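Using the hints, position chain F against chain V.
Residue numbers (my numbering), protein chains in the order written: chain V, 1051 to 1311; chain F, 1051 to 1311.
Just so you know, the hints here were simulated from the structure itself, not pulled from any lab data. Predicted model only: the values in this text are computed from it and were never measured. Don't take every hint at face value.
Copies of the same chain look alike in the list, so a pair counts if it works inside one copy or between any two.
[Said to hold, decoys possible] Here are the simulated DSSO-like cross-link-like pairs (lysine-lysine), alpha carbons at most 30 Å apart as the crow flies: (1) K1118 to K1261; (2) K1232 to K1310; (3) K1061 to K1195; (4) K1151 to K1162; (5) K1162 to K1064; (6) K1232 to K1274; (7) K1261 to K1195; (8) K1195 to K1066; (9) K1162 to K1195; (10) K1261 to K1080.
2 protein chains.
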Amino acid sequence: MLSKSQIQFIKSLKLKKFREEHQLFIAEGKKLVNELITSTIKVRQIYATSDFFRTTKIDASIERFEIKESELERISSLTSPNEVLAVCEIPTCQLNMDSLKDKLTLVLEDIKDPGNLGTIIRIADWFGIETIICSEQTAELYNPKVIQATMGSVSRVQVYYMDLPAFFNNQSENAGNDNPQKIYGALLEGDNIYTQPLSANGFIVIGNESKGISENLLPCITHKINIPSFSHFNSSGGEAESLNAAVATSIICSEFRRRKF
Amino acid sequence: MLSKSQIQFIKSLKLKKFREEHQLFIAEGKKLVNELITSTIKVRQIYATSDFFRTTKIDASIERFEIKESELERISSLTSPNEVLAVCEIPTCQLNMDSLKDKLTLVLEDIKDPGNLGTIIRIADWFGIETIICSEQTAELYNPKVIQATMGSVSRVQVYYMDLPAFFNNQSENAGNDNPQKIYGALLEGDNIYTQPLSANGFIVIGNESKGISENLLPCITHKINIPSFSHFNSSGGEAESLNAAVATSIICSEFRRRKF
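The shape of chain V in the complex, shown without the other chains (with noise of 0.2 Å):
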């Protein structure tokens, strides 16, 4: 049986002030906590039905707490709990810059939606992307919310937060000008994805949800880029307005690695 104790630490870890003063996070569901006891994401406790113990092998070194259904409602986010809840240590990454010279790397400035930011983590890991820099007003990475979007993704994508202005220009120091990666941002106003073209490596910035990408960020885009909206050939006379900013990063990563065949 869980002590008030266990219940109030666990429940506390939904805040952002107590994950990071223990540096630890909280994930869900047998899916997601199975991928994360095989990755390189270290897990320190599990509470769990006796269902998931009886199926699921786990680490000695995982301290594990048999839990009622009962209990694992009463310390779990998600409205439908599903057998187990894992505290997760929050993992220590230190940025390489120079790992990002030939690949392509998601940017994203503001992402305020936490199912948003998941789902671009699940993207990103589905089209081999490793590694997202979001803005420091991005939604926090372990936000239950985002963890249980990612569904997974969080143990093989790396997201690191900085100021961008600054990041885009320590980059382009790093790089020199020799050989500067280039910095695409989409852009109401950015030519057409389809017919531009796109190289294998370099930077994809993601504006906000809502004002898209800040006057501020905006001289560090090298290259605007913009999905076209098909919306004309409805009879109906309106316009599609926008697209949600996960979809839009979907398609512009679709773009950017179909020209690989």
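For chain F alone, kept in the frame of chain V given last:
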């Protein structure tokens, strides 16, 4: 001031049973309601704060109720209510099979998540797809979560519910043997979408979020397509398992439309 019975009536429309009984649905927020009042959707009543009425021109045929913010909070389904709630008539549309002949049409089998359905309707609108055919087990179009996620695209995209195998049989009889429409299905075992010929018309079938396209519908598919994963590029070793259904839909629609350039 709102009467108890008005509040009860509006709240009842959060349930499918009462939406069907009254043939009415709810839409909320300034942007969405503004789109609807200029569309073919018939808005019957508007409940809004004085701010909304001061800034928005409304047809005299619409019943209007000026309410306080606290009253809006009582009737709203949103966590942050935004100036206005509209009660709208569910339109009665009859699908014209002939109208689909030269067009690209989306077909959804058992998309269960209302947010996914709403996002897919918004994607269809962006890519100039006028009609979506849904299986009867797909989330209900007039669920408030679907309506909100469409961001107004619900007024430009026609959504029909029917038995999908029967629909395709009917459709192929209607088209005759001379010019059968292609039926593309998103399947893991499908051919690489980036390198396949794709026609400018036909049907794109998207399966359920976890089960994909059912055994029952599989024989209807004439062309199996797949979005290849690039996650083997990642050094982590693991592999992203799937894309979200709305994300997959957006990549497929983008790829069909790109061929026009």
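Hints, one by one, checked against the model:
Proximity of K1118 to K1261 under the C-alpha cut-off of 30 Å is restricted to the inter-copy arrangement: shortest distance 29 Å between copies versus 46 Å within a copy. Taking identical chains as interchangeable, the C-alpha atoms of K1232 and K1310 lie at most 30 Å apart whether they share a chain (17 Å) or sit on different chains (27 Å). In the homo-oligomer, the alpha carbons of K1061 and K1195 lie at most 30 Å apart both inside one protomer (14 Å) and across protomers (28 Å), since each shortest distance falls under that limit. Taking identical chains as interchangeable, the C-alpha atoms of K1151 and K1162 lie at most 30 Å apart only when both belong to the same chain, with a minimum of 28 Å there against 41 Å between chains.
Both within a single protomer and between protomers do K1162 and K1064 lie at most 30 Å apart by alpha-carbon distance, with minima of 17 Å and 27 Å respectively. For a Cα distance limit of 30 Å, the shortest separation of K1232 from K1274 inside one copy, 10 Å, qualifies, whereas the shortest one across copies, 35 Å, does not. Within a single copy, K1261 and K1195 get their C-alpha atoms as close as 22 Å, and across copies as close as 23 Å, so both meet the 30 Å cut-off. For the homomeric pair K1195 and K1066, the shortest alpha-carbon distances inside one copy (12 Å) and between copies (27 Å) are both at most 30 Å.
When the C-alpha separation of K1162 and K1195 is checked against a cutoff of 30 Å, the pair qualifies both within a copy, at 12 Å, and between copies, at 19 Å. Taking the shortest alpha-carbon separations for K1261 and K1080, only the inter-copy value of 17 Å comes in at or below 30 Å, while the best intra-copy value is 37 Å.
Of the numbered hints stated above, none is contradicted by the structure.
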